[in-house]
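Taken in sequence, the protein lines are chains A and B. Taking numbering that gives the first Met the number 0, the leading residue of the first sequence gets 0, the next gets one more, and so forth. Taking numbering that gives the first Met the number 0, the leading residue of the second sequence gets 0, the next gets one more, and so forth.
Here are the simulated BS3-like pairs of lysine-lysine, each with C-alpha atoms no more than 25 Å apart in a straight line:
hint, chain 1, residue 1, chain 2, residue 2
1, B, K171, B, K594
2, A, K444, A, K361
3, A, K448, B, K25
4, A, K448, B, K26
5, B, K392, B, K463
6, B, K26, A, K444
7, B, K394, B, K559
8, A, K435, A, K446
9, B, K558, B, K392
10, A, K27, A, K144
11, A, K483, B, K76
12, A, K446, A, K361
13, A, K446, B, K25
14, A, K444, B, K25
15, A, K448, A, K435
16, B, K463, B, K394
17, A, K96, A, K27
18, B, K26, A, K446
19, B, K558, B, K394
20, B, K391, B, K558
21, B, K558, B, K463
22, B, K559, B, K463
23, A, K146, B, K631
24, B, K391, B, K559
Which bits of chain A does chain B cover? Going by a derived footprint, with three or more residues having C-beta under 8 Å, they are:
hint, region
25, 151 to 157
26, 209 to 222
27, 265 to 272
28, 277 to 286
29, 469 to 476
Selected chain B positions facing chain A (in silico; Cβ < 10 Å):
hint, residue
30, G635
31, I644
32, L654
Worth flagging that the hints you see were computed from the coordinates, not collected in a lab. The structure displayed is predicted, hence computed values, not measured ones. Every residue gets a Cβ at the ideal spot worked out from N, C-alpha and C, and that includes glycine.
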Amino acid sequence: MIDFTPVLPAMMLGGVALLVPAVRMLTKSDKATGIASLAGIVASMLLVFYWFYNGSHMAVFENMLRIDAFSALFMLIFLFVALYVVIASLRFVDGLKHTGEYYALVMLATAGMMVVAMSMDLITLFVGIEITSLSSYSLVAFRKKDKLGAEAATKYFIIGGLSSALSLFGISLIYGATGQVNFQAVASAVAALHGMDPVLILAIVMIVAGFGFKVAIVPFQMWAPDVYEGAPTTITAMLASGSKKMGFIALFKVFIIGLVAIKADWSMMIGIVAIATMTLGNVIAISQTSIKRMLAYSSIAQAGYILIVLPIAVVGDPTVAQYGLAGGIFHMMTHAFMKGGAFIIVAGLATAALGEHINDYKGLYRRAPLMAFAMTIMLFSLAGIPPLAGFASKFVLFSGAIYASNLAGEQWLLWLAVAAIINSAISLYYYARVVKYMYLDEGPKDKLKIAPAFGVAVAVCVVAVILIGVFPDPFIQACQEAAKAFFLP
Amino acid sequence: MVYAEYAWLIPILPIIGLLLVALLGKKTPEGGGYFAVGGIAASCFLGVMVALEYLTGGSSEPVSGTMTWLQLNSTLKLEMGYYIDSLSAVMLIVVTILCTLILVYSLGYMHEEGERKRRYYVEISLFVVGMEGLVVASNYLEMFVFWEIMGLCSYLLIGFWYYKPSAAAAAKKAFLVTRIGDILFMIGIISIFASFGTLNYRDLFTHNFIAQPVDMTLLGVGLFCVFGGAVGKSAQFPLHDWLPDAMEGPTTVSALIHAATMVKAGVYLVARSFPLMVHTPDVLLIVAAIGGFTALFAATMALNNPNIKRVLAYSTISQLGYMFLALGAGGYMIATANLSEAAAEMGNAGYMAGMFHLLNHAFFKALLFLSAGAVIHAVHTEDMRLMGGLSKKLKITSFVMLIGALSIAGIPPLSGFWSKDEVLAAVYNAGSANIWFYLLYIMGIVTAFLTAFYMFRLWFMTFKGEGKEATQHAHEAPRSMTVPLIILAIFAFGTGFILMGPDGGLPAVIRTVNLDGHLIAGETLGLGWIEKLFTEWQTWLSIVVAFSGVGLAYMAYFKKSISVDRFATGGSKKVYDLLLARYGFPRAYDWVGMKVVYGFSRAIDFFDRTVIDGVVNVISRFAVSGSGVLRKVQTGVVQTYAIVIVSALSVILILMYLLGGLR
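Bound conformation, chain A alone:
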């Protein structure tokens, strides 16, 4: 008899996702549909909480999926993202057709991310990614009549298809070279190869390209601004805070566990890609005029920061490696709240008929004081100003690089920290510009009316960002636990 309890949260979310369209059909009420989805998400969350506090780990399906501190933490993050996306959507999709499908797809995408978090081999990993990808293609295209949205969805789908093909190719090359799909088994097989197999090099490149698309690392980032801009803003929030994290988990599992034996071949390449990603993201963000595109580029830059974890987490000293990975996990956690929160604010203001051009934010302080304040918190947190969450997580993340650079043969890692800090300074320019527009510049005087649902969703993010910033310790400990569980065989 198979024990299904570990996969229960994901299964339950998938089940509710299938029921939600029926709810929509029976009640004919968008509100009831949204509430039903919320109930499903919260129930799933409670199940994960239960696992998170039990602390044990447990594998199912011949060790294809495993729940442990790492996957539980990420499932919680994904469910939190889904939670505030759905809360914000209550008002955002009001009056549109097919709301049942909308909520169902959001939940299915989340279920896919949860599968990725739990996956222990290349096959389940790929399946999870595809579940999320297919759901998000349709979500981006959700406003069919909207030209920009339809264009974005087409691009997203084409590039997404290309990337899926590349990553599947990479996976099959790994299988071909090692005969294994389980990450641990791949790791020992690669270690036993002694010396370099050119097939593996090709596999590394394919996987970087395939998963790099999800994460939007340079040079696979070009779709991101177009899609982030064209998608419904709540979905943009989900792509930036949920789907992107899923891509990172995939990279972590393949590189840090599976290919650790040949790290000499890829770690410096990843380091260069990380620096290119953060620099390009920040530099292009400066000249953006649309707030959504600006946030999209800033999201690319943040991906560059997180990417430095890959070379750090494979250094020889296990404590340093664990600390470095914990820093990455912590930054992904805070980024989910601050970037998601920023997009939700943009969505809320858009429903109040405010444009998405940065100039439209002039004088926002007088028109919607609480939203302007929340936006300031989010942007300052993204820039890494204490005492906000972004500061705490960047501190842990960058200090991981510095600790690692003290080890013999890893001195070059210091440059990752230097590049990241310089980039943080550059990013302050475009974040602070928005704050200046909101507070110091004159704009229209009329008040904006923000729907309460947005207020709730934004409040969740603001509270999280301030709480994590002021009391980072429990969160850092949780990330340390997750990192520890990640390395367990």
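Start from chain A and add chain B according to the hints.
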């Protein structure tokens, strides 16, 4: 311990009040002032309960609870929490009661401020949060956080009427001058951390110096810097000059700064660090010397100042000097006692005297300030030369202010007498350990005389003599202002008597604070001790001095049998003007600020503009222009994107080859 576990809530409750004021203040009466009062009253209740529970609990072990704030590795661990011992318990009583009374008084005093009331109540609540948090904090870093919150609030509140240039300048001065102290305090904290590897009081105060020796030079420098922080916050020489200017804020703020918060934080800091300071006698000698000198120095400036609030400000500086003097003298006795029980006992008495004087001073100074506020409220001027004969119109105010003046002048049996006498006794006793303390004792006696004189000069000029034009329409303040005054008057009259409680009462409890390894089961104070007090010549000397000060003021300003104008003209005019010019300190500050600091800043500025900005400008020009170029690559054509991906694949392959992949 029912309440003590909730001590961390004490600074949280005013924050709740603050949030309510901020959110609902516009729509509620008095700009939300009732929320602020409610929050502070709730924290007052909790604070007093915690303190009473601790003090009557009979245990001398501190109660503390901490949570980890940030732990990055095994050595760098920062905590947050609360730490209640007899010192913080007594401070809690003083701080929370006074803050509550002053806030209630604010409801009347700030009534006519209109729109700005909301800002006032938000800022003053935060101010109280700063002080309460500082008192219950469990380590130096946490204390520093609240210390800085208070620094910010003092800036905001002193500059409350920011449209007055003098108020804006005063706020800036207070902020910048105390900042010098803050930086020193921070250096001190870092030195303590470097010495001990921890900042928690619990670990620091139980540190075994024999088993784990520390670098005494580093510790000495660190504690000296900590005292530097106290000098800034408590306005001691040479960082004293911001306090008289701080009178530009509303009188309630002045009362809060002088009686319950801000300046008391400095004394509290030194008292808090006492268990460490007793290992460094040199630092304690400096503490005592600065305290004794400031006491006399500030008292002289109060002699001829015509502004009622400024006289009170100088008297605060002077009285704070007494507290530092007592702490320094007591600590010095302990540090050099070499296990002589009698000497250590005298040292403990000095510590007790300093804290006892803080307690008494808090009440009578709040009383004096709020009474002065009532006077100003009535006559709309702060210049005492325009006042006079007010005792008929402001009956309650004049009476309570008389009590305050008698108390600060040290007339028995009011509270000020007891503590001032003990301060002087402690300093005299310390003379046996170091001869310099006899000089400080003489300074203290002279200060006592001057204090009695200028306080009664103030009282006679304000309430007696001929009525002036400004006093024609004066009338008594509303009840929300007089009731706190009466309550404070009762405290100012009576807090001295707690000495006679069982086993020496409250001050004796403070006496045994935390002096690990120096704790001596003291003799019972009680009535026998009082008898001893009145048979010593030092006691009679201070009584005589106090009465002669009052007498001189009576002759000069009530009977007018001595012409005071004589001092303002002729040969002594120079001295008179020097005092009015505050010994030239404001000009010295300006000179240092303009010439030294500004010159230095200009040099740095030049470097910054040409070298640093030059580099930054090049980078940013590159970034901004690069941004424009790179933006054009983003064509929006999906075919381009696919081409980029495929060519990027090849580039990465080549990159990996170059980096040594395909060996």
